[in-house]
Amino acid sequence: MGGVGDDEPASKRMKLSSEELRRLSNGSTLKEPIVGSSRDLMARPLQSEGGEEVVGSKGVIKKVEFVRIIAKALYSLGYIKSGAHLEEESGIALQSSIVNEFMRQILEGDWDESVVTLHNIGLTDEITIKSACFLILEQKFFEFLDEEKVMDALKTLRTEISPLCINHSRVRELSLFIVSPSCCFSVRSPKQDTSRARSRIELLEELQKLLPPTVMIPERRLEHLVEQALVLQRDACMFHNSLDKEMSLYADHQCARDQIPSSALQILQAHTDEIWSLQFSHNGKYLASSSNDCTAIIWEVDANGVSLKHKLSGHQKPVSSVSWSPNDHQLLTCGVEEVVRRWDVSSGECLHVYEKAGLGMVSCGWSPDGKWVFSGVNDKSISMWELDGKELECWKGQRTLKISDLEITSDGKQIISMCRETSILLLDREAKVERFIEEDQTITSFSLSRDNRFLLVNLLNQEIHLWNIEGDPKLVSEYRGHKRTRFLIRSCFGGLEQAFIASGSEDSLVYIWHRDTGELIESLPGHSGAVNCVGWNPANPQMLASASDDRTIRIWGLNNLSAKRKDTRSNGIHHCNGSS
Amino acid sequence: MDVDPRLYELIAVNDNDIHNIVMSYLVHNCFKETVESFISCTGMKQPSDRLEDMETRKRIYQFALEGNALKAIELTEQLAANLLEKNKDLHFDLLSLYFVEQVCSRKCTEALEFAQMKLTPFGKEQKYVEKLEDFMALLAYEEPEKSPMFHLLSLEYRQHVADSLNRAILAHANHPTYTAMERLIQQTTVVRHCLNQERGKDGPHPFSLKDFLKS
Numbered sequence: 001m002g003g004v005g006d007d008e009p010a011s012k013r014m015k016l017s018s019e020e021l022r023r024l025s026n027g028s029t030l031k032e033p034i035v036g037s038s039r040d041l042m043a044r045p046l047q048s049e050g051g052e053e054v055v056g057s058k059g060v061i062k063k064v065e066f067v068r069i070i071a072k073a074l075y076s077l078g079y080i081k082s083g084a085h086l087e088e089e090s091g092i093a094l095q096s097s098i099v100n101e102f103m104r105q106i107l108e109g110d111w112d113e114s115v116v117t118l119h120n121i122g123l124t125d126e127i128t129i130k131s132a133c134f135l136i137l138e139q140k141f142f143e144f145l146d147e148e149k150v151m152d153a154l155k156t157l158r159t160e161i162s163p164l165c166i167n168h169s170r171v172r173e174l175s176l177f178i179v180s181p182s183c184c185f186s187v188r189s190p191k192q193d194t195s196r197a198r199s200r201i202e203l204l205e206e207l208q209k210l211l212p213p214t215v216m217i218p219e220r221r222l223e224h225l226v227e228q229a230l231v232l233q234r235d236a237c238m239f240h241n242s243l244d245k246e247m248s249l250y251a252d253h254q255c256a257r258d259q260i261p262s263s264a265l266q267i268l269q270a271h272t273d274e275i276w277s278l279q280f281s282h283n284g285k286y287l288a289s290s291s292n293d294c295t296a297i298i299w300e301v302d303a304n305g306v307s308l309k310h311k312l313s314g315h316q317k318p319v320s321s322v323s324w325s326p327n328d329h330q331l332l333t334c335g336v337e338e339v340v341r342r343w344d345v346s347s348g349e350c351l352h353v354y355e356k357a358g359l360g361m362v363s364c365g366w367s368p369d370g371k372w373v374f375s376g377v378n379d380k381s382i383s384m385w386e387l388d389g390k391e392l393e394c395w396k397g398q399r400t401l402k403i404s405d406l407e408i409t410s411d412g413k414q415i416i417s418m419c420r421e422t423s424i425l426l427l428d429r430e431a432k433v434e435r436f437i438e439e440d441q442t443i444t445s446f447s448l449s450r451d452n453r454f455l456l457v458n459l460l461n462q463e464i465h466l467w468n469i470e471g472d473p474k475l476v477s478e479y480r481g482h483k484r485t486r487f488l489i490r491s492c493f494g495g496l497e498q499a500f501i502a503s504g505s506e507d508s509l510v511y512i513w514h515r516d517t518g519e520l521i522e523s524l525p526g527h528s529g530a531v532n533c534v535g536w537n538p539a540n541p542q543m544l545a546s547a548s549d550d551r552t553i554r555i556w557g558l559n560n561l562s563a564k565r566k567d568t569r570s571n572g573i574h575h576c577n578g579s580s
Numbered sequence: 001m002d003v004d005p006r007l008y009e010l011i012a013v014n015d016n017d018i019h020n021i022v023m024s025y026l027v028h029n030c031f032k033e034t035v036e037s038f039i040s041c042t043g044m045k046q047p048s049d050r051l052e053d054m055e056t057r058k059r060i061y062q063f064a065l066e067g068n069a070l071k072a073i074e075l076t077e078q079l080a081a082n083l084l085e086k087n088k089d090l091h092f093d094l095l096s097l098y099f100v101e102q103v104c105s106r107k108c109t110e111a112l113e114f115a116q117m118k119l120t121p122f123g124k125e126q127k128y129v130e131k132l133e134d135f136m137a138l139l140a141y142e143e144p145e146k147s148p149m150f151h152l153l154s155l156e157y158r159q160h161v162a163d164s165l166n167r168a169i170l171a172h173a174n175h176p177t178y179t180a181m182e183r184l185i186q187q188t189t190v191v192r193h194c195l196n197q198e199r200g201k202d203g204p205h206p207f208s209l210k211d212f213l214k215s
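Protein chains in written order, with the numbering used here: chain A, 1 to 580; chain B, 1 to 215.
Just so you know, the hints here were simulated from the structure itself, not pulled from any lab data. Be careful, since some hints might not be right.
[What the hints assert, rightly or not] Here are the simulated lysine-lysine pairs, DSS-like style, with alpha carbons at most 30 angstroms apart:
{"id": "1", "chain 1": "A", "residue 1": "K356", "chain 2": "A", "residue 2": "K413"}
{"id": "2", "chain 1": "A", "residue 1": "K130", "chain 2": "B", "residue 2": "K107"}
{"id": "3", "chain 1": "B", "residue 1": "K32", "chain 2": "A", "residue 2": "K155"}
{"id": "4", "chain 1": "B", "residue 1": "K146", "chain 2": "A", "residue 2": "K149"}
{"id": "5", "chain 1": "A", "residue 1": "K155", "chain 2": "B", "residue 2": "K45"}
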């Protein structure tokens, strides 16, 4: 769909600047005479309804804009001659001559002339014009101060800047600079902290942001558009789970399914009863699992696979949960309505037992600085202890349920706990502000994303809900497919940049969804009992672990057979594979 | 529900007390001639030391009110040597009066120089920086009366500064800084307010001097 006049020799083509083209389509008269007569112009039909030529198959890219941003990109890459040549050959000027004049005046510091030019550029919005004048005059002001011409600066402020009657608070700040031009009082909090004039190039960039893009094209616009497209492709890629998948401009990005762990690489059998919970350490080098057999096990993860490191015995009751210290040197385990034990990872020794007379613990966790531990108690309170066992605080209140999950955000600011059967409390410890997540169904468990922004909530009715917990909690996604009727099933975030959600299920399968689209990607068979908990290795996006009633832990990884396969097709879609 | 006026009859008020209240007001506000005439009318004892100090204070107050801050400062230093050193806020406010005068007479260069020499040294402390900004902003406008900080040019502001200076001088000489009359009115208002808060609708109304004087 090119222009009709494309096969005409170059000399006959109309050379109109974009500004003149625009004026023409607005029906206003031209200031300068056009090359050639108006009859020639009428003979050349314009393509789309708006009277402008378009390129591309969908007819949404305006040719004038396209050429201008390419020219801009050429200039910013340093190809000045090419840029100028493009402007000449296409007949489309990057900027109207008046804008070029304006830019030159700014860079050379002809402030008064630039203000005049500004008024002639053809802006319609009063406020924009005034704001731009303000920026220019502010630069003039600061450059006077730099040259120690204090009275000139004062004159500029009084006679040129203040009469604009905008931004009075900035006028206030500027007046302070007059009396102390060299540097401002160091006690001041930095607002706009330029006491020296900034560079004229920075001023130009600031003006570019202020003025409408039709007047001055923003810097790096083409690069921005291309990046947008690449990001969209990557987000749409449901199986994107490997860092070394580079994106290319030559073909749309799409990973094959083989990036997701889907093959059981190892089966760990060491527990003698149902395994209820597991968690990888933060550095991904260890895995901890806890079981109905009253023990917890620390496994070591290395290049050869997963092997047993320590079996932690001592609890008299089944161990319901585990929690790694922030530095992964220690582990907390919680016996069901019993005690919380703290273990040393390298030696396997029990370092401390936290208990409360007559009461039982139901959950455990660490503070982000590793200096204290907390646990939910079955009298609906939450206790905090220093490592040596000294009790620091005890929150009572609306805590509920025996299975009370508890999380602290990694900045230590928010505490997230179950509040009622259908709601979760988000407590800001400093501001003492409470926010709530309200569900219609009973909540069975939840987990926090690594960036503290999202909460994954498991519900009684077999749905998993993803909530955005920044600001007012908002429901973002729902995941379905797995089975949960009688038991507590846990789910987790995982994969590269936590782009996936995994969950156990009572039908013995492990379920994996793509987080953003909510689509079910995999359901992995293998276990012979309900899968109670899954964990995704934070250091290895291709390793997943699942814990089941069948007393085993399965370690899932990539299906190695597909690693050798290469698939290319002629429609330009490139399948990524596991080999680099 | 207001206080029953008949209860007032039960309280006897001593004439001497009233005289003292009036006297304290007159002395505070430097009405020297009125004081002399009041003394001769009532036969009160003359507060000897106060008369001279009244004369000085009156002059200082007048200068401050006019905006002639430098003169006010000079006299204050004579009267009480390190008073301004101890009251930095007051010192700043007085200097600002001079600055404002320069600005009003459109003497920008002088105002600027004065500010640089005298006012900016205060800027080392954070709380003065904002005040300084307020005043400097006056310089930014060709018509400071129309600027956002126009209230700094007003009589009310000068009165406020002059009052503060007066109180500081009184405090320095260990005299009471508030007149008995002021305190009495303040007392009544505060007490009424507390009762009002405690008793809510059943308690007495907040004190209004205007209504009181009418009744």
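Which constraints among the numbered hints does this structure fail? Numbers only, ascending. Failing hints, ascending: 3, 5.
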